[in-house]
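Can you build the whole structure from these sequences, using the hints too?
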Amino acid sequence: MTAAAPLGEFVARAQAGGALVVQPRMGFSDPATMRAGLAATKAAAATTVGTITLDSYTRVGDDEAVARALRERTPLNGYPIVALPRSTSQAVLDGLRDATFPVQVRHGSATPDRIFAALIELGLDATEGGPVSYCLPYSRTPLREAVASWRRSCRLLAATAGRGAAPHLESFGGCMLGQLCPPGLLVAITLLEALFFVQHGLRSISLSYAQQQNPEQDRQALAALRRLAGELLPGVEWHIVLYAYMGVYPRTQGGAMRLLGAAAELAVGAGAARLIVKTAAEAHRIPTIADNVEALELAAGRAARAARRDDRGPGDEPDDEVYLEARALVEAVAGLDPDVGRALLTAFGRGLLDVPFCLHPDNAGRTRSYVDDRGWLRWSDTGAMPIPAARPGRPTGRLTAAGLLAALSGVQRRYDEGAR
Amino acid sequence: MNITQSPAGPSILVTGTSSDSHTWNLVYLQLLLEEAGCRVTNLGACVPPVLVAAECLARDPDLVVVSSVNGHGGADGLRLIEVLRAQPDLAGTPVVIGGKLATDGLRNVGLVRRLRAAGYDAVFDNGDLARFRTLISRLSARVAS
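Just so you know, the protein sequences line up as chains A and B, in that order. According to the UniProt record's numbering, the stretch in the first sequence is residues 1 to 420, in order. According to the UniProt record's numbering, the stretch in the second sequence is residues 1 to 145, in order.
What the hints contain is simulated information worked out from the structure, not anything from laboratory work. All residues carry an ideal CB built from backbone N, CA and C; glycine is no exception. One or more of the hints may lead you astray.
As the list claims (entries may be wrong) - Covered stretches of chain B, as calculated for chain A (at least 3 residues, CB under 8 angstroms):
| # | region |
| --- | --- |
| 1 | 15-21 |
| 2 | 33-47 |
| 3 | 61-73 |
Here it is, written out as structure tokens:
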């Protein structure tokens, strides 16, 4: 078997060569379909990384539900990597994962010990998540338990370094509940998770950010992320991964494709090295393999054209709002405790980090945000966070159910307008 | 965010299902119900059935609203209602479920029937909001009278 490409090195090489790496969110419970999905991703006319997304029962550790679904042949919403025999998963990967095609496991688990053990057993070395970003939005697991589990899991993954593996871990922190979270907090959380990963031995990291409603604010956020990563992660191999818009997706094929194209151009213009795509089927159903290939190829094509138009790359960034906000948050949290995990626990406990509209019991829930008329995400209440309250003249009314829907569906509305 | 006070209206427990990590649906329902004058306790995402049962026993809500959009809502919803209805004190508690309940995105008549048979008082597949609002206004009128 050809040696597999370490994900971090693969992406760095592609970026140096001017190619944006594109990656789907694909995951199927049937091993043959999962293999077909990986094969199609590899064969797509694009520089791709393969994805194995796990099902949500595996994510929450509900073995009984996985076993029942496998027994009764009920389809799951992802690949049950912990329950399936190792030989089955090896057959899924065999001959596909190689020097030209890294594979990342995506899972969403707040306590991923067994998932990390399962992927390491398969010789896989790239995954993602984080103690905050996979706990607060997606579970009721106490943050303390998530931090302890991620500490163990990071060490387990880091310990594989040098034994034919080059472990890579991506922080999902820049995406959590992103549809209404102003980017300063998202940038701060992904950086703090990266510092947590580095503290537990990882040396190849990616930082994430999800495309929001206003391209200029997104560019500011990505510039702030690049600059702060440079300042905070010396000696660490890192890149930025952009997620195509994660909220309510356009219903029309044209609208969905324009939104994805805008994400590809944003990635290239703002120096992100990897893009997680969404498909035109997103608003209607779970995407097929063909939907995914179409999205990968469209994004890669748009990125290549954008790179030819503008090969200067991102320049020097001013001290804009997102940078200052993210730096203030990171500094306040990092100053609480030399142990990043403990610092995160204290920060959430005191509301120094406080994610708007997050229902998790360990989130203070005192912050509020809104989308302004230009599509910028703004604070209406910063709670106890060490950043200035929003500017004067902001709307002060309570967010209504209709207002929430309008904010969450703004992108869908704008991109569907005039699209066929 | 999680608990709101509005002394007069019906008390409603909003919850996601055990495997569902989505929360915008839950935030939306909370705001909608608050605007209709309800008192809302929102349990959030990935709530195990035993916790829903414990919260129901502790709070004695006028209505339990289960919402799921991850495609496992049918299976998770069946497991949840079995646990709730197994508690004698919750045998009569009104419980409804809604959202995107199956992975194929189609209205699944058989699934709706099974959920009703298992003990849900109403099933709102594919987010039938008009019917849900009607239910809430009837409930508010009943609690207020």
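Coverage of the region 33-47 of chain B by chain A, judged on three or more residues with CB within 8 angstroms: With 7 residues in contact (Cβ-Cβ under 8 angstroms with chain A), the coverage given for the region 33-47 of chain B holds.
Verdict on chain A covering the region 15-21 of chain B, where coverage means 3 or more residues with a C-beta closer than 8 angstroms: holds (count 4)
Outcome, coverage of the region 61-73 of chain B by chain A - at least 3 residues whose beta-carbon is closer than 8 angstroms to one in that chain: holds (count 3)
Hint compliance for this structure: every hint is met.
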